[in-house]
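Engineer: Single-letter residue listing:
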Amino acid sequence: MKKPSKRLTFLPALLVLLFFFLPAFGLLMRTPWREFFQILGRYGAFEAMGVSALVGTIVLLLCCLFGIPAAYHLAEANGSGTRVLRAAVLLPLVMPPVVGGIGLLSVFGRRGFLGRYLADWFGVSLPFTLAGAVLAAFFVSAPLFILAMEAGFRARNRRLEKIAAVCGASPMRVFVSVTFPMVRPAFLSGAALALGRALGEFGATITFAGNLPGRTRTLPLAAYQALQTSPEAAFAISAVLILAGLALLPVAIRGRRRVLH
Amino acid sequence: MGNRFRARITLFSLLCLFASVGCGMGDRPRAKAERPLSEPLVVFAAASLSDVLREYAALPSTPPFKVNAAGSQTLASQILSGANADIFVSANRLQAERVLRERKGPMKPLFTTKMVVAVARGRAGEFHFGDLGGSSCKVVLAAPEVPAGAYARVVLERAGIFEKVRKNVVSWEPDVRAALAKVEFGEVDAGIVYRSDLRGRKVRGVSIPDSFNVTATYYAVVLPGSAGKHDTVRRFLEGWRSPGGRALLERYGFEPVGGGGRADSHRSSDSEAFLLRPRGALFSRERNVV
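Going line by line, the protein sequences match chains G and Z.
With numbering that gives the first Met the number 0, the residue at position 164 of the first sequence is 163, and numbering never jumps.
With numbering that gives the first Met the number 0, the residue at position 18 of the second sequence is 17, and numbering never jumps.
Read the hints as simulated data drawn from the structure, not as lab findings.
Since this is a predicted model, take the numbers as computed values, not measurements.
Backbone N, C-alpha and C fix where the C-beta goes; we use that ideal spot for every residue, glycine too.
Treat the hints with care, since some could be wrong.
Over the 10 angstroms line for every Cβ pair with chain Z, so calculated as not near, a few chain G residues [said to hold, decoys possible]:
{"#": "1", "residue": "L89"}
{"#": "2", "residue": "L92"}
{"#": "3", "residue": "L104"}
{"#": "4", "residue": "F174"}
{"#": "5", "residue": "G209"}
{"#": "6", "residue": "L211"}
{"#": "7", "residue": "P212"}
{"#": "8", "residue": "L226"}
Examples of chain Z residues toward chain G, derived with CB under 8 angstroms [to be verified]:
{"#": "9", "residue": "A68"}
{"#": "10", "residue": "G70"}
{"#": "11", "residue": "S76"}
{"#": "12", "residue": "E144"}
{"#": "13", "residue": "V169"}
{"#": "14", "residue": "F184"}
{"#": "15", "residue": "E186"}
Here's a subset of chain Z near chain G, in silico, CB distances under 7 angstroms, partners left out [to be verified]:
{"#": "16", "residue": "P63"}
{"#": "17", "residue": "F64"}
{"#": "18", "residue": "N67"}
{"#": "19", "residue": "Q72"}
{"#": "20", "residue": "Q77"}
Bound conformation, chain G alone:
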């Protein structure tokens, strides 16, 4: 009785995997490889690559700075309020990015309830700046990092930490040489997923950070803009993003396998 049911479920499984794979395949098929670099140059893709790389790097740094502590405490917490905290992490994932961007405007915009004071007191304005693009990308991608890290922290062997502590290691030392090596696969997988998502951020970015070449025009924005005049250029820019994604995949997969085992 086991085999037929396996066969039945094989079709939807195959279909959905094919469905995930096809857009990347179709895109690489239609990419104008011959004039690839000329086209990228003509449509400002290198500039956008610079912005995207910068945004991605800063997002990763912020993930380490804020995401690791958040994931650690989520993994440790088991009080009644934990559910609310966990829901907060999931919120950006269930929120459409455009809505996230509008929400960020309502908070950090010139008339936003925090942005007003940022502008008045410190002269800081986040919308339409690189910092805004980073904030938008961090908003949508940090949850992926935190979720992966939380799972890693949960699955770790706490006894090793205790042993290290008993042997006289400082809490910092315990974290660096015992805890972190244990969650390293989760860290890599989370970082790869978050970076991929950050590089792909579109909706929140165009809403909150706008579209200015060299400052907030990231690769997805450049691809969208190119699509309006030259589909070829859009294919070329998209190919860059696909290749970046494919490069991140092995890291994400390796980390995930180690977390599961």
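Let chain G serve as the given structure and place chain Z on it in line with the hints.
Structural biologist: Below, chain Z alone, put in the same frame as chain G:
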């Protein structure tokens, strides 16, 4: 192992079969001929027409239609990559002709409007057209390939302040309404939009001197897909000349084509010539913005 592999092959070929059957069905011409007459027209319309079209649909003489609104350059790309539209209303000639290079169909000017500076309401003090280039003025414009962005550039170049204003631009938006929204949010100080965009919006309009302003003409392209809907297409296009249609246009600040705009014809052809420049030129200039 071999058994499982064979099963996979079978399923895969089944899948291919399904896929090919699916494709075949969509292409049958039979489906087109049997379309009922009452089916609404599909109108791909420039983003700046969203509101006026909503009111136009409510006029008793207007045939039923559905609107897909976006920047004209986006709509043109959608049509060229196979989107089914009956009518394309473009905010400039360039995008209408871009579609016509690959699709046959009549093109017809529908109505015109002018450009205006939209200023955020909360902004204190007076605002003049020249202030767009002033220091610490945040400006948002439609991107250069968007009709409104191209018109704005003509206006600013005529006034000789394009380079200054370009330094003030904080975002190049994908359509004119996105630019307008950012002004309305109060996130930027000003933007250049169509006069007809201001109706019902919480922004201040600051007029552009006549000697710099341009006439923006909306063109309707009747697409081949509308074959068999001649009557409804005609009613949609002629309705703008009906008393109700004219009143509607006037309320929004559009002008019917051919009515009194003689003095502008020289200038408007001037701006068209600019818009018809190869788009590489638009891009290379715009990329220098940092």
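Engineer: Checking a non-interface call: every C-beta of chain Z should be farther than 10 angstroms from the C-beta of G:F174. Is that right?
Structural biologist: Per Cβ check, G:F174 is outside 10 angstroms of chain Z; nearest 41 angstroms; holds.
Engineer: With a cut-off of 8 angstroms on the beta carbons, see whether Z:E186 makes it to chain G.
Structural biologist: 5 angstroms, holds
Engineer: Please check whether Z:Q77 passes as an interface residue: C-beta within 7 angstroms of a C-beta belonging to chain G.
Structural biologist: 9 angstroms, violated
Engineer: Does the nearest C-beta of chain G fall within a distance shorter than 8 angstroms of the C-beta of Z:S76?
Structural biologist: 5 angstroms, holds
Engineer: Is it correct that the beta-carbon of G:G209 has no partner in chain Z closer than or equal to 10 angstroms?
Structural biologist: 3 angstroms, violated
Engineer: Does the closest beta carbon of chain G sit nearer than 8 angstroms to the beta carbon of Z:F184?
Structural biologist: Hint holds; Z:F184 Cβ to chain G Cβ min 6 angstroms, cut 8 angstroms.
Engineer: Just checking, G:L226 versus chain Z, shortest CB gap more than 10 angstroms?
Structural biologist: 6 angstroms, violated
Engineer: Can the hint on Z:N67 be confirmed by a CB-to-CB distance to chain G that is less than 7 angstroms?
Structural biologist: Because about 15 angstroms separates Z:N67 from the closest Cβ in chain G, which is outside the 7 angstroms limit, the hint is violated.
Engineer: Checking a non-interface call: every C-beta of chain Z should be farther than 10 angstroms from the C-beta of G:L211. Is that right?
Structural biologist: Not fine: 5 angstroms to the nearest Cβ puts G:L211 too close to chain Z.
Engineer: Can you verify the interface hint for Z:A68: is its Cβ closer than 8 angstroms to any Cβ in chain G?
Structural biologist: At 15 angstroms from the nearest chain G Cβ, Z:A68 fails the 8 angstroms test, so the hint is violated.
Engineer: Would you settle whether the hint for Z:V169 is holds or violated, based on the nearest Cβ-Cβ distance to chain G being less than 8 angstroms?
Structural biologist: 4 angstroms, holds
Engineer: Does the CB of Z:F64 sit less than 7 angstroms away from some CB of chain G?
Structural biologist: At 24 angstroms from the nearest chain G Cβ, Z:F64 fails the 7 angstroms test, so the hint is violated.
Consistency note: the structure conflicts with the earlier hints numbered 3, 5, 6, 7, 8, 9, 16, 17, 18, 20.
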